[in-house]
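Going down the list, the sequences are from chains A and B. Oh and the first sequence: position 13 is 24 in our numbering, straight run, nothing missing. Oh and the second sequence: position 171 is 182 in our numbering, straight run, nothing missing.
If you're looking for bench data, these hints aren't it; they were derived computationally from the structure. Any given hint could be a false lead.
For chains that are exact copies, the list does not tell them apart, and a pair is met inside one copy or across any two.
Stated by the list, open to error - Each computed DSSO-like pair below joins lysine-lysine, with the alpha-carbon atoms no more than 30 Å apart:
#	residue 1	residue 2
1	K273	K299
2	K299	K35
3	K299	K185
4	K185	K268
5	K135	K185
6	K185	K374
7	K236	K185
2 protein chains.
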Amino acid sequence: MEGDSSLQLRVFDLNCWGIRYLSKRRQERVELIGDTLRQEDFDLVLLQEVWSEQDYHNLKGKLGGCYPFCHYFRSGVIGSGLCIFSRFPILDTLLYQYSLNGYPYMLQHGDWFCGKSVGLVIIKISGILFNVTVPLFPLSHQLHAEYCREKDAYLPHRLVQAWELAQFIRHTSKAADVVLLGGDLNMHPEDVGIQLLRGWTGLRDAFAEATHFEGCEDGCTLIPKNRFTDKSELLPFPMGIRIDYILYKAISSFTVKCKELKTTTGTAPGTDIPFSDHEAVMATLHIKRQGQAAGDTLGTAESVMADVVTEAQTEVGMGLRAAQRQRYSTGRMAVLALLLLLVQVTAALGTLVGLGTEQPFPKLSFSLLAFAAIGILLLATGLHLFHTTEVKMLQGTEEQMRMALRALQEHP
Amino acid sequence: MEGDSSLQLRVFDLNCWGIRYLSKRRQERVELIGDTLRQEDFDLVLLQEVWSEQDYHNLKGKLGGCYPFCHYFRSGVIGSGLCIFSRFPILDTLLYQYSLNGYPYMLQHGDWFCGKSVGLVIIKISGILFNVTVPLFPLSHQLHAEYCREKDAYLPHRLVQAWELAQFIRHTSKAADVVLLGGDLNMHPEDVGIQLLRGWTGLRDAFAEATHFEGCEDGCTLIPKNRFTDKSELLPFPMGIRIDYILYKAISSFTVKCKELKTTTGTAPGTDIPFSDHEAVMATLHIKRQGQAAGDTLGTAESVMADVVTEAQTEVGMGLRAAQRQRYSTGRMAVLALLLLLVQVTAALGTLVGLGTEQPFPKLSFSLLAFAAIGILLLATGLHLFHTTEVKMLQGTEEQMRMALRALQEHP
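Here chain A stands alone, though its shape is the one from the complex (with noise of 0.2 Å):
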């Protein structure tokens, strides 16, 4: 695109749910994701969990010869999950890891072990300098239970991700003419979390903006038609939910317009299976030279950002007051268990010196003893530290949103 002639750019997301051994007919539907994508003329390929690494290689090997470019994002025991394949070359990639990511003793949540990052990359196509940011939020569990909120102990996690987004976006892409995002945010459109994102970036919803629209119903991406989705999850939402986005802006002297959205609609055109338990998002935006550059701006109005961050600051307090309290007890049951060690210690001393004449203890109650105090010991410190952390990186999020705050209400 030189001049004022307009580019084109069509853009395919999709939560690929591929965790080995667990997503049910993966590499079937793999395989399906690959056939389509080569013989659909995307420009831009965002996928996000694909954990397994063959996963990707296969997915590079079928589809190198379309799109050329593609990086795959390493991160985490498991990896980030997150690859994006491109027409156009990839100039350059930055990784960012959130600072929490849900509880390591959550076991059957498990996202304490996955990677939890965003993945940027940054590409030029006709002279047109795109920083694409690929985010996977995994605090997907409770995300259902708007109806029992006070139990969603996640959100401050949640929003404390979602704040680092935004605030990661704003600080790489100052040099773009155009920002793009594309993932699965595990948010409702109407969720505190994304509207602190989209409104502290200026980032807009393609759902919402588009011209035209063809897919599920009010754009939703995890509906009850698709076999995969875990129907118990969806009960209090009977149309399904829309949490895959495709949200975009533009910088410099550029606007960018979304002609056309879509969705799959429960399974892969043309096939009786789908991609994935979430459908795939395809959104046609249209860029266009504008005459002089515009300034870099929020995306809601002041007073109503004030609001939202105000709501997530909120928020993020309580979070920060219940980790208070946890490190708390956690250290409390780490110092008992040092003392019971201390007893036992002092008791086997004592028998040995012969201060007893004989050992009070069955010797096999008092190892077993031990080794249970030994085993809460670890556990309770490793706990300790492990909400430390999160305390401060807590009290952090809350002083940064304070800064915004003040920064808002200081030039509205």
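Place chain B on chain A using the hints.
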């Protein structure tokens, strides 16, 4: 500063060595640092290793009058130890965490438990946008061990950190007019990590550029004359070493010159005790608007830069292979412990259902062995997960460096 007039900026940088209970005469030194900063008229004060938040609050209280703006970066169990005091409003902040930071089982080194972060603050002074980075490179030990380099198991981690710091600066500084970095980089000026950081970001070394220098010979910041330095560490370097830096570059239509650089010389001015075990670095910078905007450039000729990246990539590759070996051996250890446990469970069940007429082992030894097996299983699994993460991050960095090399070779 408007029009063609120039701005003079005085920067103070110090690694404060503020470890509670461990650092000698900590409170006295923090008092001294506060008093000195209040008397001197610096514009920016960049401090590292302020591990105690109480010390930060004491400094904040003391310096509120002359440095009304400040920020403390919270992270990790202990904190990041990074803070900044400024005469000018801080507009925004961001914290970035390195993906690797030593080994959890190297308790005597302790890096893994420290915050492993880089702090960024954005400050506008007289209309000029400053991106100020305060890094801490915690991998300090074995730093002085160039004479037995093959033993420096931390070099790959340090190179990953140098690379991530460089990438972070590149990606966040696109809209800045001037980039400043002040901190303890824990590397000698000629180390490949410093060359990588400086070359890849284009940052210039205030010591090398200063018109006037006053302080320790060769700009050393860790000197035998300082009563708090560990003399045995400095044995191979009788003059001391230079590991604390002030680096800078102008990005847009500005030029930066270092008019004067000073270091303390073993004691704080006018006293007989030092500020810290490091010397303070103080720079006077002249920032001037020039006619036309200069493009962002590398700091080193492309061919030299390619050599530096190649060397770094080789070191990271060696670290990768070491990490892969450790991942394998810890995995094997976990499997062996699991097998032992299974044998024990089988034996115990056999006794229970009466297959053996008698318990063949003394109960105490049997349960002790079981506990040992559980302990080894947990430990080996934890280490296996850690080394898996390490492998992923080293692979990711190696790939990014390969991408950078390709770019350097394609566009010489």
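Taking the hints in turn, this is what the structure says about them:
1. Taking CA atoms no more than 30 Å apart as the test, K273 paired with K299 passes inside one copy only; the shortest distance there is 21 Å, against 52 Å between copies.
2. Taking identical chains as interchangeable, the C-alpha atoms of K299 and K35 are never at most 30 Å apart, the minima being 42 Å within one chain and 62 Å between chains.
3. For a Cα distance limit of 30 Å, the shortest separation of K299 from K185 qualifies both inside one copy, at 19 Å, and across copies, at 22 Å.
4. For a Cα distance limit of 30 Å, the shortest separation of K185 from K268 qualifies both inside one copy, at 20 Å, and across copies, at 25 Å.
5. Taking the shortest alpha-carbon separations for K135 and K185, both the intra-copy value of 15 Å and the inter-copy value of 15 Å come in at or below 30 Å.
6. Taking the shortest alpha-carbon separations for K185 and K374, neither the intra-copy value of 68 Å nor the inter-copy value of 68 Å comes in at or below 30 Å.
7. In this assembly of identical chains, the alpha carbons of K236 and K185 never lie at most 30 Å apart, being 41 Å within a copy and 46 Å across copies at closest.
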